[in-house]
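Enquirer: Letter by letter, the chains look like this.
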Amino acid sequence: QVQLVQSGAEVKKPGASVQVSCKASGNPLTGYYMHWLRQAPGQGLEWMGIINPSGDSTSYAQKFQGRVTMTRDTSTNTVYMHLSSLRSEDTAVYYCARASSHYYYYMDVWGKGTTVTVSS
Amino acid sequence: DIQMTQSPSSVSASVGDRVTITCRASQGIANWLAWYQQKPGKAPNLLIYAASSLQSGVPSRFSGSGSGTDFTLTISSLQPEDFATYYCQQANSLPLTFGGGTKVKIK
Numbered sequence: 001q002v003q004l005v006q007s008g009a010e011v012k013k014p015g016a017s018v019q020v021s022c023k024a025s026g027n028p029l030t031g032y033y034m035h036w037l038r039q040a041p042g043q044g045l046e047w048m049g050i051i052n053p054s055g056d057s058t059s060y061a062q063k064f065q066g067r068v069t070m071t072r073d074t075s076t077n078t079v080y081m082h083l084s085s086l087r088s089e090d091t092a093v094y095y096c097a098r099a100s101s102h103y104y105y106y107m108d109v110w111g112k113g114t115t116v117t118v119s120s
Numbered sequence: 001d002i003q004m005t006q007s008p009s010s011v012s013a014s015v016g017d018r019v020t021i022t023c024r025a026s027q028g029i030a031n032w033l034a035w036y037q038q039k040p041g042k043a044p045n046l047l048i049y050a051a052s053s054l055q056s057g058v059p060s061r062f063s064g065s066g067s068g069t070d071f072t073l074t075i076s077s078l079q080p081e082d083f084a085t086y087y088c089q090q091a092n093s094l095p096l097t098f099g100g101g102t103k104v105k106i107k
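Same order as they appear, the protein sequences are chains A and B. Per the working numbering, the first sequence runs over residues 1 to 120. Per the working numbering, the second sequence runs over residues 1 to 107.
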């Protein structure tokens, strides 16, 4: 059974950047699209973007265009999300999620989340 | 972007109750809809995809219906472990969007 293990909590200052990693254990992510989402404190889910299985194609929500970069290392079964120019509104739990085999816009395996706090 | 509107935002119910949550899309999405359950401090869990297909391992008391713009999630007999927040998500087009959530609380 695949598990997605995310990197640890981060505290950043406004204007800084953060990179969150997501490593699969148990089964490789080969052939799967991967999503990144976030959830601000007490708020709902917000989709950030998707990366294809080979890592050479991404699609980002307009809100994050220019600030987010998603990459993957197939040799280590790891995907990454880099978010720059952080502001206080980026304080949230960030999740990676594997696209479902039923259709790649559903998400069937999720990481436990990485808390990113942006504060001066 | 497709807007997803859930109602109610919260519902109080007792164990054994039948609970229905609705989700409306701002434009037609055929059956490209999923439902997720999220418990406090945990990641979401996929319950239903393609509007009515039960994800493997999910109890059969959960069911989904609808197509086009109007969808429902039904819990036929609420169990203690079902108290959580439920989200709908459209899978018709990017950007993927979610409803605001429905919190199912203990009456």
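Possibly wrong hints are sitting among the right ones.
What the hints assert, rightly or not - With a Cα cut of at most 20 Å, we get these calculated SDA-like pairs of lysine to any residue:
id : chain 1 : residue 1 : chain 2 : residue 2
1  : B       : Lys103    : A       : Glu46
2  : A       : Lys63     : A       : Asn77
3  : B       : Lys103    : B       : Asn45
4  : B       : Lys42     : A       : Lys63
5  : B       : Lys39     : A       : Ala40
6  : A       : Lys63     : B       : Lys39
7  : A       : Lys23     : B       : Asn45
Derived from the structure by calculation, the hints contain no laboratory data.
Enquirer: CA of B/Lys39 to CA of A/Ala40, is that 20 Å or under?
Expert: The hint holds at about 15 Å.
Enquirer: Check the hint pairing A/Lys63 with B/Lys39 against an upper bound of 20 Å on the C-alpha distance.
Expert: Not OK: A/Lys63 and B/Lys39 at ~27 Å, beyond 20 Å, violated.
Enquirer: Does B/Lys103 pair with A/Glu46 here, judged by a C-alpha cut-off of 20 Å?
Expert: holds, 17 Å
Enquirer: Can you confirm whether the C-alpha distance between A/Lys63 and A/Asn77 stays at or below 20 Å?
Expert: Status violated; Cα separation ~27 Å.
Enquirer: Checking one constraint from the list: CA of B/Lys103 to CA of B/Asn45, max 20 Å. Satisfied?
Expert: holds, 15 Å
Enquirer: Need the status of pair B/Lys42, A/Lys63: alpha-carbon distance at most 20 Å?
Expert: violated, 25 Å
Enquirer: Are the Cα atoms of A/Lys23 and B/Asn45 separated by 20 Å or less?
Expert: holds, 19 Å
Taken one by one, the earlier hints fail for this structure at numbers 2, 4, 6, listed in ascending order.
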